[in-house]
Amino acid sequence: MVEPFLQSFVIEGSNFYDAGKASTEIKLILKQLGIDSTVIRRVAIATYEAEMNVVMYAQHGILIVEVTPRTIRIVVNDLGPGIPDIELALKEGYSTATEKMREMGFGAGMGLPNIRKNSDEFRIESTVGKGTTVEFTVYIN
Amino acid sequence: MLLSEIIDLLTCEVFAADEGASDVEIEYGCAADLMSDVLAFSRTGAVLLTGLVNVQTIQTAFVAEIRAIVFVRGKKPDPGVIALAKEKKIPLVGTPYSMYESCGILYMKGLRSTMEYAPTMNSRDQTGENG
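The listed protein sequences derive, respectively, from chains A and B.
For the first sequence, the residue numbers in numbering that gives the first Met the number 0 are 0 to 140.
For the second sequence, the residue numbers in numbering that gives the first Met the number 0 are 0 to 130.
Hint data in this document are derived by calculation from the structure and do not stem from the laboratory.
Using N, Cα and C, we set each Cβ at its ideal position, and we do this for glycine too.
Be careful, since some hints might not be right.
[To be verified] Selected chain A positions facing chain B (Cβ under 10 Å, derived; list incomplete):
1. Gly12
2. Ile39
3. Ile44
4. Ala45
5. Tyr93
6. Met103
7. Gly104
8. Gly108
9. Arg122
10. Ile123
11. Ser125
[Stated by the list, open to error] Below 27 Å or equal to it, Euclidean Cα-Cα: the simulated DSS-like pairs (lysine-lysine) are:
12. Lys116(A) / Lys87(B)
13. Lys108(B) / Lys20(A)
14. Lys108(B) / Lys99(A)
15. Lys87(B) / Lys20(A)
16. Lys87(B) / Lys30(A)
17. Lys75(B) / Lys99(A)
18. Lys90(A) / Lys30(A)
19. Lys74(B) / Lys20(A)
20. Lys74(B) / Lys30(A)
21. Lys74(B) / Lys99(A)
22. Lys30(A) / Lys85(B)
23. Lys74(B) / Lys88(B)
24. Lys99(A) / Lys87(B)
25. Lys75(B) / Lys20(A)
26. Lys20(A) / Lys85(B)
[As the list claims (entries may be wrong)] Taking CB as the label site, the calculated pair distances span:
27. Pro118(B) / Glu91(A): 14 to 24 Å
28. Ser97(B) / Thr97(A): 20 to 30 Å
29. Val127(A) / Lys88(B): 23 to 33 Å
30. Tyr93(A) / Gly109(B): 29 to 39 Å
31. Thr37(A) / Ile104(B): 26 to 36 Å
32. Gly128(A) / Gly50(B): 47 to 57 Å
33. Thr37(A) / Leu1(B): 16 to 26 Å
34. Gly109(B) / Ser13(A): 18 to 28 Å
35. Tyr116(B) / Gly128(A): 36 to 46 Å
36. Lys108(B) / Tyr93(A): 35 to 45 Å
37. Gln6(A) / Gly109(B): 40 to 50 Å
38. Arg69(A) / Lys87(B): 41 to 51 Å
39. Ser97(B) / Tyr93(A): 25 to 35 Å
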């Protein structure tokens, strides 16, 4: 039986050096909770992509991880430019990344599609000029 | 294939490796400079060959459960990158070979790709039609 768990992390926009810290910490927490390694890898990849999106595009964001006996839910809420066309942003290869983001190895237009691919439930809401909320759930069993 | 074989084959310099790292079993090869591609297409147990030498390479490898990283074309990581690799216990080595040569050498020795392309009957037909 997996212990219920809830924690939030602050993600700082444009801080490429610390980018990935929340995701890697969550990965360790899930390991300590005894969750299956295949499930952990899916959560870690999706969380890392979501975290990188905040670092690359937003001013800052809050990431919440909630573990229940059956699910791992991640909510990432950012203060940023928002996404004008979500359908387009969900297409593999579509990207509005800058040169700086590409230098860091990101901005291939795989972020949101990769989050969706690695999760069992996926939801995204965005308001231009305000920010974006990405929420996804991975089933433990 | 053991990491020690990869180090020998690619005449690698070792930047970070715990005791026993040379005995790490590498099951697949994955080559990319785009970390999003690594996240999308890699598998647990792979070695990552890359020309991208920064902290995101290490974070990505940790998240995607990459067993070891080889920097190609003689690229050298800075101390911060090496320190992070040590913290995450990911062996870090560098080869003078290019990406293409490195992949070729490992592929010839039987190291499989994380993303094997298997043409379907359909795509073979299309190849035939197009000559």
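These are the hints, each one checked on the structure:
no. : hint                              : verdict
1   : Gly12                             : violated, 16 Å
2   : Ile39                             : holds, 9 Å
3   : Ile44                             : holds, 5 Å
4   : Ala45                             : holds, 9 Å
5   : Tyr93                             : violated, 12 Å
6   : Met103                            : holds, 5 Å
7   : Gly104                            : holds, 4 Å
8   : Gly108                            : holds, 8 Å
9   : Arg122                            : violated, 20 Å
10  : Ile123                            : violated, 17 Å
11  : Ser125                            : violated, 20 Å
12  : Lys116(A) / Lys87(B)              : holds, 26 Å
13  : Lys108(B) / Lys20(A)              : violated, 36 Å
14  : Lys108(B) / Lys99(A)              : violated, 37 Å
15  : Lys87(B) / Lys20(A)               : holds, 12 Å
16  : Lys87(B) / Lys30(A)               : holds, 14 Å
17  : Lys75(B) / Lys99(A)               : holds, 20 Å
18  : Lys90(A) / Lys30(A)               : violated, 32 Å
19  : Lys74(B) / Lys20(A)               : holds, 25 Å
20  : Lys74(B) / Lys30(A)               : violated, 33 Å
21  : Lys74(B) / Lys99(A)               : holds, 19 Å
22  : Lys30(A) / Lys85(B)               : holds, 19 Å
23  : Lys74(B) / Lys88(B)               : holds, 20 Å
24  : Lys99(A) / Lys87(B)               : holds, 25 Å
25  : Lys75(B) / Lys20(A)               : holds, 23 Å
26  : Lys20(A) / Lys85(B)               : holds, 15 Å
27  : Pro118(B) / Glu91(A): 14 to 24 Å  : holds, 21 Å
28  : Ser97(B) / Thr97(A): 20 to 30 Å   : holds, 27 Å
29  : Val127(A) / Lys88(B): 23 to 33 Å  : violated, 42 Å
30  : Tyr93(A) / Gly109(B): 29 to 39 Å  : holds, 37 Å
31  : Thr37(A) / Ile104(B): 26 to 36 Å  : holds, 31 Å
32  : Gly128(A) / Gly50(B): 47 to 57 Å  : violated, 37 Å
33  : Thr37(A) / Leu1(B): 16 to 26 Å    : holds, 24 Å
34  : Gly109(B) / Ser13(A): 18 to 28 Å  : violated, 43 Å
35  : Tyr116(B) / Gly128(A): 36 to 46 Å : holds, 43 Å
36  : Lys108(B) / Tyr93(A): 35 to 45 Å  : holds, 38 Å
37  : Gln6(A) / Gly109(B): 40 to 50 Å   : holds, 44 Å
38  : Arg69(A) / Lys87(B): 41 to 51 Å   : violated, 29 Å
39  : Ser97(B) / Tyr93(A): 25 to 35 Å   : holds, 30 Å
The earlier numbered hints that this structure contradicts are 1, 5, 9, 10, 11, 13, 14, 18, 20, 29, 32, 34, 38.
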